[in-house]
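> Residues per chain, in single letters:
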Amino acid sequence: MQPLHKLETPPLPREILLRIYREMVRLRTLDERMMTLQRQGRVGFYGACTGQEAATLASAIALEKSDWIFPALREGGAMLLRGFPLVPYLCQIFGNAGDETKGRQMPSHMASKSVHQVSWSSCIGTQLPQAVGAAMAAKIKGDRTVVAAYLGDGATSEGDFHVALNFAGVFKAPVVFICQNNHWAISVPSSKQTASESIAIKAQAYGFGGVKVDGNDAVAVHAAVKQAVDKARSGGGPTLVECETYRIGAHSSSDDPTRYRDEREVEQWRKRDPLDLLRGRLQSWGIWSAREEDELRAKVLEEVNAAIAEAEKKPEPPRESLFEDVYSVLPWSLREQREELLASPPAGKTSQ
Amino acid sequence: MPSWNIIQAVNDALRVEMRRDPRVVVLGEDVGKFGGVFRATLGLIEEFGADRVIDTPLAEAGIVGAAIGMAMYGLRPVPEIQFSDFIYPAFDQIVNELAKLRYRSGGQYSAPVVIRTPAGGGIKGGHYHSQSPEALFIHTPGLQVIYPSNPYDAKGLLLSAIRSDDPVIFMEPKRVYRAAKGDVPEGDYTIPIGEARVVREGRGMTVIAWGAMLHEAEQAVGQLPELDAELIDLRTLWPLDIEAVVGSVSKTGRCAIVQEAPRTCGFAAEIAALVQERCFPRLEAPIARITGWDTPFPYALENDYLPLAPRILHKLRELKDYEA
Ligand SMILES: Cc1ncc(C[n+]2csc(CCOP(=O)(O)OP(=O)(O)O)c2C)c(N)n1
Ligand SMILES: [Mg+2]
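From first to last, the protein sequence lines stand for chains X and B.
Residue 178 in this note's numbering is what sits at position 178 of the first sequence, and the numbering runs on without skipping anything.
Whatever position you read off the second sequence (first residue = 1), add 352 for this note's numbering.
Keep in mind the hints are simulated off the structure, nothing from the lab.
A hint or two may mislead.
[To be verified] Straight-line alpha carbon distances no greater than 30 Å define the calculated DSS-like cross-link-like pairs of lysine-lysine that follow: (1) B:Lys385 - X:Lys313; (2) X:Lys202 - B:Lys385; (3) X:Lys271 - B:Lys385; (4) X:Lys113 - B:Lys476; (5) X:Lys113 - X:Lys299; (6) X:Lys65 - X:Lys172; (7) X:Lys113 - X:Lys172.
None of the values given here were measured: they were computed from a predicted structure.
Just chain B, with the same shape it has in the complex (with noise of 0.2 Å):
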């Protein structure tokens, strides 16, 4: 089994789906002869053609609504947004569009769409560079939004959700795009939609993270063993697999949840309700959020902004040592 980083998988899983399937095409900037700015569609172009991989002039609203636009004529786009931070463009396309075509039209029509966009800080990117907008897509209906953490979830999950019936915000880690490397079966496999993954097991604590995140928490509950903690990467973050976080919080009864996004009105706020609408009567401790700041991303302390493994790690002690 070859070992691969993140763009090597998704590479491969476009390669091996647009194999499988002539309906599939690629579009957006620089993805064409350059292979992409990631390098995560590099060779394909030579494969498949202009025709399935396809350069774009620089507009997101374009690349969005012309995949719209195919996907109801019967393929089966998978469009790079270059950074998530210049989806905005295409937001409207998105919201309005993409995530209501099949209820706005009875269920007549469907936008299979995947849009591929590298997320989240850690690059020295600044402000355009660095947004995890992730929640902004839960919040609209009618979207799945997936957001894996290492090459083998990437390769399972992007085979997924071309193959999905509705569309799908596939956010890639790219502050772990090359360091996160594992065994990744060549060929074709898939991960479910909405299964979470169980990282490490625990009693003491349940830790949820996904991204770039997962590692800097893994890396924090591997530091301190007597947190026991259970680690679980969300993987796919909508619809969310409810019955491992439901599961786990009741067995652990402390949870925490980390996420590089702003805080306010950011996944881990829905996560925080639903724990505890439901496992009310187990919990331990107030569910902790340790997350970005409610600020813009910035270039100059960018690692005083994310929430790395130091400051997880600080935050899961005062969990552990919480008394009501």
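Extracted from the complex, chain X is given alone in its bound form (with noise of 0.2 Å):
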């Protein structure tokens, strides 16, 4: 684990290096709320950002509005970042009528056409395909559109990531994917996952350049990030920027990883949290203070509550809203199957 490369002065204006510091908190925050309340039995299941914020919020941060977003499992927390308010996404974890994707997914699968954000498919990889596509359609259309791919260290294993990054070499299409390689995929180390040197190192064999850096630098990952995005905006093709990186907590609600893994690991990696490092910069460069850190904290857990607060008082969704958005116009099997639905008794609650 290396130590945090030392830098004299801000490498960024301050508004945003405070503003990734403030939106960092507030997805830790948000993280532990909605844990708290899953465990509640108030919401269904959730996948945590915890440990990974620098390479969700400062990656994002380097791109702008216009741009693309294709995530992963974690990089929900973007969207809050490019402007999405909090409670239709607090609602998108509801899975009731505030959300605008109708409940239709499990939490984690939030997007918003208004922020350029796509919903994650939970089939590991398959969104990578896509934002090549994406990014070759902007280069077609002659747009300054560049696309970012998330991905995790075990989505390198699957065929689709491959058949991405060739397309995306063969193109030179303005696509930056960003791999947070967090150790771990669910109970698989990254070093079952590959027998490479590094993640970076794959987009070599696709003709194009990778960079591996401190993902839990946000400094770091911005500069890295930022760079990757001019070069796509300018036609220099895509890049592959590997984010190293640690999945503090559970792979998701449903999980126990002290059956797998080792809690020394992750007290290592608790020393080199990304909100304590960038915190300790911006002490450092004298644009933080321990008051404004308080004042921070307490008003994002209270802007947090009181969204959630809002956001559960929705109801589910309306039965028939089933079966929208199915096809554009309503075909007549589903309109009798609608029919046959609201003909029939409710189910009610699960019954185990």
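Join these two chains into a complex; the hints should help.
Next comes the structure, spelled out in structure tokens:
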């Protein structure tokens, strides 16, 4: 585990640094609250980003508003950074009528066209060729759009990963692959996922550059991703950025990591908490104080709690909404099935 | 006799067969040290070692493709696909390769691979953790498809599946993985592939179900004794126990099929066609299908999606009252 490399002066404007930090604190708070709600049975499932906030947010902030994001499991929070409001975001997690995506998917599958962030598919790796296609389309249309394609270390084993990198290289697509190497894919360590010396090196085989950065150092993540985004935007083609980070928590609320990994490893990584690292930098540059920290924590907790209270009030989506959006026009078969459902007795809660 | 749930029964079947037959290997994501995300392979790596219980990289096409190669070379692989919703990255390997190996080699090679995969909804898993894709595999010549509903059948059928010389898609009903408990004999026993089980005899109508929905159908028919329903648990979907089905419908004259997968081109449609071809003169009412809707599997409204007992009962009353 490398020490944080020293920086005498801020490499970025103060507002950007503070914005990254505030968003990181908000996401940490949100994840903690959601894990609690999940344990209380108020939320069905949750996959937290804890420990990976720098890799997620300092990368997303390097994009322009019109750029697109194809996320993996842990990048939902990037939507908030891009201006998506908290209440409908939470409604997705509750799966209720306040969710723009109509309660159709499990938590962690939030998406909104308004911020150009598409829905994650649980099916690992499928987003990657799609991201390349979107980037190819931007290039064909002559747009400046860059596409960010996120993935985990586990996803690098899927065929879709290799297909995507090959297409990106062949077509010089304006796409940036951002791999969150958090060392684990559920119980499988990244050392068993690949025999390559790194994930970044895989880009070479597809004819473009890969860089590996300290994924817990927000400043380093931002610099690497910004450079890759600028390169893509100016016609230089794709880059694979590997952010070396760590999944501090369980894979998801359904997982128990004590069964397969050594708690001492987790402790080591806790010492490199991305929030602590960035706060340390901000303080060393004299742009953040203990008082500001306290104020921020209190404000964020209040904001999150108020949003939870509001989101949780929303009702279930209506039964008939089941049949919407399968097609643009409801075919006869679904019209009949809708009638059949409405004529049957309600099923109520799961019987088990 | 121990009382076990389906996960324990599957786990025990794997252990029994791995002890008996050194050719049997297990492979998949998280199946080793972790013992599988549902714990179905718990303890196997400790007993049989990492050569026979293989944690693979995250790649379903790799898992199934490698299993085919292993089988051709003489092993008996039992790959696990973590959720049947994630079987599609391996679809080509299964449909074009696994299913057809015997045929396209003129019978020289076979691929005795058993793909175990938790299937079906009811765990608030949304579209990617709930699908029941059995029809896709039944539609593929060369595959056997098994979908037990209880621990006893799960163990006996898994043992038969591993000993079968042809590939099997072995679907495990995760909604009742832990809830369906029952006595399971220790040691070796098998249930023949292709034999349905009459859960409850009756003369009023035949109700056919499998997997998790068997329990919903059982609840529904139990609620209304006047239905006098005969309930059949198919257990093996393909090859279908055609005699059990035809025999029962010939007796009752009415038939309902419960299936949690979407309706159109689901297995219930095939069963309805077979019954209609064979029992036409005896039928007193149109064959009823009680199914999931032709929509993706939803998160929020999953109990409205699934054909649970209240909806089954509603339809069975209609079937009972039907007069031509
Ligand atoms: C195609 C497919 N196979 C299996 C799974 C089950 N699964 C969900 S997440 C996961 C591990 C993902 O690891 P990684 O890509 O490193 O992402 P991380 O969870 O570490 O963020 C697995 C195996 C899945 N969702 N999709
Ligand atoms: Mg990972």
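> Against the structure shown, which of the earlier numbered hints fail to hold, in ascending order?
Hint 1 is the one this structure does not satisfy, whereas the remaining hints hold.
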